[in-house]
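2 protein chains.
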Amino acid sequence: MSEKTGKVALGIDLGGTGIKIGLVDGSYEILAQVSLPTGAQRPYGQIIADMGGAAAKLLKENGYSFAHCIGAGVGSPGTVDSKSGTVLYSNNIRWEQVPLARELQKYLPLPVFVSNDANCAALGEVLKGAAKGCKNAAFFTLGTGVGGGIVIDGKVFEGGHPGGVEIGHMKIGSKGRRCTCGRLDCLEAYASATALIQDAKDMAAQHPESMLWELCGQDLEQMDAKMPFDAAQAGDACGMALVKDYIGYLADGVTDIANIFRPDVIVLGGGVSAQGEKLTGPLNEYLKENCFGAAVAYVPKVVVAENGNQAGIIGAAGLVMTSATTPVCR
Amino acid sequence: MSEKTGKVALGIDLGGTGIKIGLVDGSYEILAQVSLPTGAQRPYGQIIADMGGAAAKLLKENGYSFAHCIGAGVGSPGTVDSKSGTVLYSNNIRWEQVPLARELQKYLPLPVFVSNDANCAALGEVLKGAAKGCKNAAFFTLGTGVGGGIVIDGKVFEGGHPGGVEIGHMKIGSKGRRCTCGRLDCLEAYASATALIQDAKDMAAQHPESMLWELCGQDLEQMDAKMPFDAAQAGDACGMALVKDYIGYLADGVTDIANIFRPDVIVLGGGVSAQGEKLTGPLNEYLKENCFGAAVAYVPKVVVAENGNQAGIIGAAGLVMTSATTPVCR
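As you go down the protein sequences, you meet chains A and B in turn.
Counting from 16, one number per residue, gives the positions in the first sequence under my numbering.
Counting from 16, one number per residue, gives the positions in the second sequence under my numbering.
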């Protein structure tokens, strides 16, 4: 294959079970993609060696030399020091103080950028997705936990120090729920899919008449985050109560972020965001009423993410394209 | 007087009752200062004419021409559009859609910068005060309300649109208190001096044995925000309960901001901050335990503001010096 000359970037989405690597062009189209298992139980050096080898192979197989790749971006779970490219701590992949950028450059002689995976997803939606063309956006990912990312002036906001931009870890509740972070009553303890599923199980256990039982096949362990919404849709009182509470929790978090960042849009991603208009409809209504200064000031719109499971790759490549973080060992 | 040639800026602190104008040098020393009544009931044109006239006079009387003044900064209460230099809404001075920068330039042929007063106070603490030398800082002002400002990379963060950076308007409570902004349970409804005084009155009304009665001279209308702290210091159970609750509310807000911005420091200003170590001691203890990722990540320190009632002037001049906002009509 003849060597191609258009500029590309590598976007790498590091997850607890799999690593997705994409070759991304300047329009944020994914030209080619490869996946490999993380094998998170292995030493980090092996994981990063596999990652780097697969990325280099992807480039070469698609006809690009390192000279035509402007860099590699990696979205990692956990707390990341983007300045040094180090993963300080990640529960998912059991990493502590892993010099990801430095290690990866053993295999990729390129500028390497590292950020938190939710930061990457946020950036991806701004570059190509629900917030395309926006300079300022906030992103909530509603999954196992509640992650988040903030884009300011087109770039990922990393916080003053690592450990910032944890918008899932604002206090919004009052039931004394212990969050995974150790604090009481964080948004994550109420608005994650995990929390919604637990609330649905508790509700069903108290209400044998609820349609939730039918939906989960009489087995609470089969409950998922869609079932409360389906029950609500069908007019089940328990489902409706669950959805009302859930949207209330999320509205609190969304309004806090609107008052603090006043972005162009607030994007919802992660599993629960598949509910689309059922979430964004009431959230936008709530914001219009409750956002600070709504009568005179701009009220951000809540929208649903569009990049799906490509969000990580697009955003990680976007770290390179926007030079959103300080490059490591350029 | 011979004309001076060092570069200076004008810092203007617009308040509900008074306007303070300072001539500030490059080290953020106030070389000269003048105050005048706001006369907030008058048309805005008259107020701004007085402001501009007094500022021009201050310059001239101190031997500076407009050529040696690099600009004027104004800190205004309320919701400000710093891009256009417009005060969108201010309850204190009863302004709506006032083109402050444009009007002021009729009297001051200089670049004019406008921002919210709490933003200015935050910047002032970074330029000369408790956060001096910090690139990233958060500032809470604990007064009639709870205002706030955020400095990112040495500049005021204005939010994506006007109405942002309202860190007093995050939900932290659960008692169903209606905030001045219309929303329920904002930090302001719990951690302002106003809220503390109301809590102290309610507590005293329920506890005739409390020392609070003695401190307020048996007249609840004389209660101030210092009395609960004084009562607590003397071992009064009601005072101790009030202070414990108050610090708990503030700890929630401070921890949210630490998790979202992870600044170098979090500065407390406004009347209640006079309690100093009585606040910062327990807040720093709380943060060490509850800040997200405290075991691996940087934990911001809570400190008390140092600029006192000069904060507005220093910060407003700082808007000019740091070109923190887009200048209007340069």
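The set of hints was computed from the structure by calculation and includes no laboratory data.
Warning: the hint list may mix true and false statements.
One copy or two, it doesn't matter: identical chains are merged, so the pair holds either way.
[As the list claims (entries may be wrong)] For lysine to any residue, the following SDA-like pairs were computed, each having C-alpha atoms within a straight-line distance of at most 25 Å: (1) Lys316 x Glu111; (2) Lys35 x Lys216; (3) Lys121 x Lys150; (4) Lys150 x Gly169; (5) Lys150 x Lys316; (6) Lys150 x Gly188; (7) Lys316 x Asn77; (8) Lys35 x Ala220; (9) Lys259 x Thr53; (10) Lys316 x His176; (11) Lys216 x His176; (12) Lys316 x Thr195; (13) Lys316 x Tyr104.
As the structure is a computational prediction, the values presented were derived from the model and not from experiment.
Within a copy, between copies, both or neither: which one fits Lys316 and Glu111 at a CA-CA cutoff of 25 Å? The answer is between: 24 Å across copies meets 25 Å, while 37 Å in one copy does not.
One pair to classify: Lys259 and Thr53, alpha carbons no more than 25 Å apart. Within, between, both, or neither? neither (38 Å within a copy, 47 Å between copies)
Status of Asn77 relative to Lys316 across identical chains (alpha carbons, at most 25 Å): Cα proximity of Lys316 and Asn77: none, with 39 Å in one copy and 50 Å across.
Given identical chains, is Lys150 near Gly169, meaning Cα to Cα at most 25 Å, within a copy, between copies, both, or neither? Both ways: Lys150 and Gly169 sit 5 Å apart in one copy and 20 Å across, limit 25 Å.
Is it within, between, both, or neither for Lys316 and His176, if the alpha carbons may be no more than 25 Å apart? Answer is between; shortest inter-copy Cα gap is 12 Å, intra-copy 29 Å.
At most 25 Å between C-alpha atoms: does Lys316 with Tyr104 qualify within a copy, between copies, both, or neither? between (33 Å within a copy, 21 Å between copies)
Between Lys216 and His176, at a C-alpha cutoff of 25 Å, which is it: within one copy, between copies, both, or neither? The answer is neither: 38 Å in one copy and 41 Å across copies each exceed 25 Å.
Since the copies are identical, ignore which copy is meant and state whether Lys35 and Ala220 lie within 25 Å (CA to CA) inside a copy, between copies, both or neither. This pair counts as neither: shortest intra-copy Cα distance 39 Å, inter-copy 63 Å.
Reference check for the pair Lys35 and Lys216, CA-CA at most 25 Å: within, between, both, or neither? Classified as neither; 33 Å inside a copy, 60 Å across copies.
Since the copies are identical, ignore which copy is meant and state whether Lys121 and Lys150 lie within 25 Å (CA to CA) inside a copy, between copies, both or neither. neither (34 Å within a copy, 33 Å between copies)
How do Lys150 and Gly188 come out at 25 Å by Cα distance, when the copy is not named: within, between, both, or neither? Classified as neither; 31 Å inside a copy, 32 Å across copies.
25 Å Cα cut-off: does Lys316 pair with Thr195 within a copy, between copies, both or neither? between (29 Å within a copy, 23 Å between copies)
The structure fails hints 2, 3, 6, 7, 8, 9 and 11 (numbered hints given earlier, in ascending order).
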